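**Q** Protein sequence lines correspond, in order, to chains A and Y. For the first sequence, this note's numbering assigns the number 60 to the initial residue and increments by one for each residue that follows. For the second sequence, this note's numbering assigns the number 60 to the initial residue and increments by one for each residue that follows.
Zero decoy hints are in this set.
For identical chains, the list gives no copy identity; a pair is met inside one copy or between any two copies.
Listed next, the in silico DSSO-like pairs over lysine-lysine satisfying Cα-Cα at most 30 Å (straight line):
no. : residue 1 : residue 2
1   : 170       : 158
2   : 312       : 177
3   : 177       : 344
4   : 158       : 312
Treat the hints as calculated values from the structure; they're not laboratory data. Since the structure is predicted, the reported quantities are computational estimates derived from the model, not experimental observations.
Listed below are the residues making up each chain.
Number of protein chains: 2
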Amino acid sequence: MISLFYEGENNVICAYMKITILGNNSALPAYGRFPTAQVIEMNEQLFLMDCGEGAQMRMQQFGIRHMRINHIFISHMHGDHFYGLVGYISSLSLWGRQKEMYLFCPADIKKVLESQLKWALGFEIIYRIIEEGERAVLVNDDKFEISCFPVYHSVPTHGFKFSEKKRKRILLPEKVREYEIPAYFYKNLCNGEDYAAMDGRFVKNELVTLPGHHGKVYAYCADTRYAPEICPDIMCADLIYHESTYLENDQQKATERFHSTAKEAAAIAKEAQVGQLLLGHFSSKYKELEPFLEEAKPVFENVELALEGMEFELQ
Amino acid sequence: MISLFYEGENNVICAYMKITILGNNSALPAYGRFPTAQVIEMNEQLFLMDCGEGAQMRMQQFGIRHMRINHIFISHMHGDHFYGLVGYISSLSLWGRQKEMYLFCPADIKKVLESQLKWALGFEIIYRIIEEGERAVLVNDDKFEISCFPVYHSVPTHGFKFSEKKRKRILLPEKVREYEIPAYFYKNLCNGEDYAAMDGRFVKNELVTLPGHHGKVYAYCADTRYAPEICPDIMCADLIYHESTYLENDQQKATERFHSTAKEAAAIAKEAQVGQLLLGHFSSKYKELEPFLEEAKPVFENVELALEGMEFELQ
Numbered sequence: 060m061i062s063l064f065y066e067g068e069n070n071v072i073c074a075y076m077k078i079t080i081l082g083n084n085s086a087l088p089a090y091g092r093f094p095t096a097q098v099i100e101m102n103e104q105l106f107l108m109d110c111g112e113g114a115q116m117r118m119q120q121f122g123i124r125h126m127r128i129n130h131i132f133i134s135h136m137h138g139d140h141f142y143g144l145v146g147y148i149s150s151l152s153l154w155g156r157q158k159e160m161y162l163f164c165p166a167d168i169k170k171v172l173e174s175q176l177k178w179a180l181g182f183e184i185i186y187r188i189i190e191e192g193e194r195a196v197l198v199n200d201d202k203f204e205i206s207c208f209p210v211y212h213s214v215p216t217h218g219f220k221f222s223e224k225k226r227k228r229i230l231l232p233e234k235v236r237e238y239e240i241p242a243y244f245y246k247n248l249c250n251g252e253d254y255a256a257m258d259g260r261f262v263k264n265e266l267v268t269l270p271g272h273h274g275k276v277y278a279y280c281a282d283t284r285y286a287p288e289i290c291p292d293i294m295c296a297d298l299i300y301h302e303s304t305y306l307e308n309d310q311q312k313a314t315e316r317f318h319s320t321a322k323e324a325a326a327i328a329k330e331a332q333v334g335q336l337l338l339g340h341f342s343s344k345y346k347e348l349e350p351f352l353e354e355a356k357p358v359f360e361n362v363e364l365a366l367e368g369m370e371f372e373l374q
Numbered sequence: 060m061i062s063l064f065y066e067g068e069n070n071v072i073c074a075y076m077k078i079t080i081l082g083n084n085s086a087l088p089a090y091g092r093f094p095t096a097q098v099i100e101m102n103e104q105l106f107l108m109d110c111g112e113g114a115q116m117r118m119q120q121f122g123i124r125h126m127r128i129n130h131i132f133i134s135h136m137h138g139d140h141f142y143g144l145v146g147y148i149s150s151l152s153l154w155g156r157q158k159e160m161y162l163f164c165p166a167d168i169k170k171v172l173e174s175q176l177k178w179a180l181g182f183e184i185i186y187r188i189i190e191e192g193e194r195a196v197l198v199n200d201d202k203f204e205i206s207c208f209p210v211y212h213s214v215p216t217h218g219f220k221f222s223e224k225k226r227k228r229i230l231l232p233e234k235v236r237e238y239e240i241p242a243y244f245y246k247n248l249c250n251g252e253d254y255a256a257m258d259g260r261f262v263k264n265e266l267v268t269l270p271g272h273h274g275k276v277y278a279y280c281a282d283t284r285y286a287p288e289i290c291p292d293i294m295c296a297d298l299i300y301h302e303s304t305y306l307e308n309d310q311q312k313a314t315e316r317f318h319s320t321a322k323e324a325a326a327i328a329k330e331a332q333v334g335q336l337l338l339g340h341f342s343s344k345y346k347e348l349e350p351f352l353e354e355a356k357p358v359f360e361n362v363e364l365a366l367e368g369m370e371f372e373l374q
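For reference, chain A alone in the conformation it holds in the complex:
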């Protein structure tokens, strides 16, 4: 029996999205901060975003259930974003993994892994090579999709967007009774269809349903110079992570090295009208991180430091 409260199969599962920070530093580890890595939890799956050295240790430390990770994304070929990959892949095999792993990455990552993993892995790695400048949907699930978009760094680099799909329309039980719509058509109503009965009656969808919830969006902007060109790709995201390697007095150095300052990251968040901004990829020259917040807040108020071990939930 179909409940009158049936909301469509996509309406109830995707309870939340959660981002856990494993490493937040740039090229050199410093002050106990590890190089870049994050885990995104979505629809009961985990996704590993970049994999700097020590990411697997941080996963253990923070209680990440690594066997639930089936997709890994590497933004670019700088070591602070992938030197932990071979160790993690190797450990997965030693832990007995048999399920295939999807790896979305630049072409050279495959060579790096093959030069070091001399023994057979217990599982297959399925590579999806991301080409320079590519903008594409990489994972298309019933309930979410993950896409890549180019950012602007010294080597080909991509950001990634995790988008919960817009949830289906919600039935109004009293209304569907009132309009005498048969239960077999409820699913069509949830998909937005109007009801046209055999006897000629016509019921507009909006009379018997409410709009579905907004699908949450998280965007990871990887390493990039200040680049307003990325704004269309991250427009109105609920949460973005944007690198902020430097503070404002190193703005010129940031530009020269294709990195951003905290203030520039905040300007992007403002222009893209996002909900919240996470700052990370801090230069090893900084011991104290509070100044990053202080410089970003006047431009974009809802900003946080992506500190290691912190979890950011999108409810």
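Since chain A is already given, all that's left is putting chain Y on it; use the hints.
**A** Okay, now just chain Y, sitting in the frame of chain A:
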């Protein structure tokens, strides 16, 4: 003026040898324990012994002055002994190193580094490839030498021995005056020569000197099955590190996987008549490490766990 207390140029500098444990676990990191790496301090120089993932973070944590490391030794081609190498080498370059680095390793390490270090390093790596089964002096300094010897693992693997050279004989000031030996000959006396004067007088060295101090020896026995064959190479060392991946109830597994138990490591220490034994390379299956000591002590009393952050000094 040469002091009467002149002891020969090699007698006063090499004050001590110190071993700092950076990582003590086997293939899989576990319970906060990192894969294998150590730093040996000798004659005011630092030597990096194996470089598991995260070794550079541990160096920072324990205050190791990485710029003083000019020699790195990799025992074998298993990832838990070298996955941290590319990150460390990369960081050295970013820190501005220009001085060459000597790397003693299996041939494949060079390929691994070259596949990942796409940009030019700021310094040269001078490779000394160690061939399977090789037994050789790798570093021959005035005051110490470092040699390699084969151990018995599932892939070609070497142990390394750090030997302070036997210190020169010590002059007895009153005796050299009594025998009227001229100051220019003191250095020869320290080198063990007898004194033959132009007037026919002959003074046996032992009459005017005392024996020099015993040169300290540390041996790192890498990954190996129980192998009494290695005893001649580490005989009477002051301190050895011997792997003890398993406890006694996994003795068969240890043998199958070319690893040792704590009891077997203790048996090697006993047979080689060493001064002290450090146990390490613990399997990730063990949370508690005390049982390793309990099983080793009845066989060899002077045994310690190589816990991360611990320093072992040879005075």
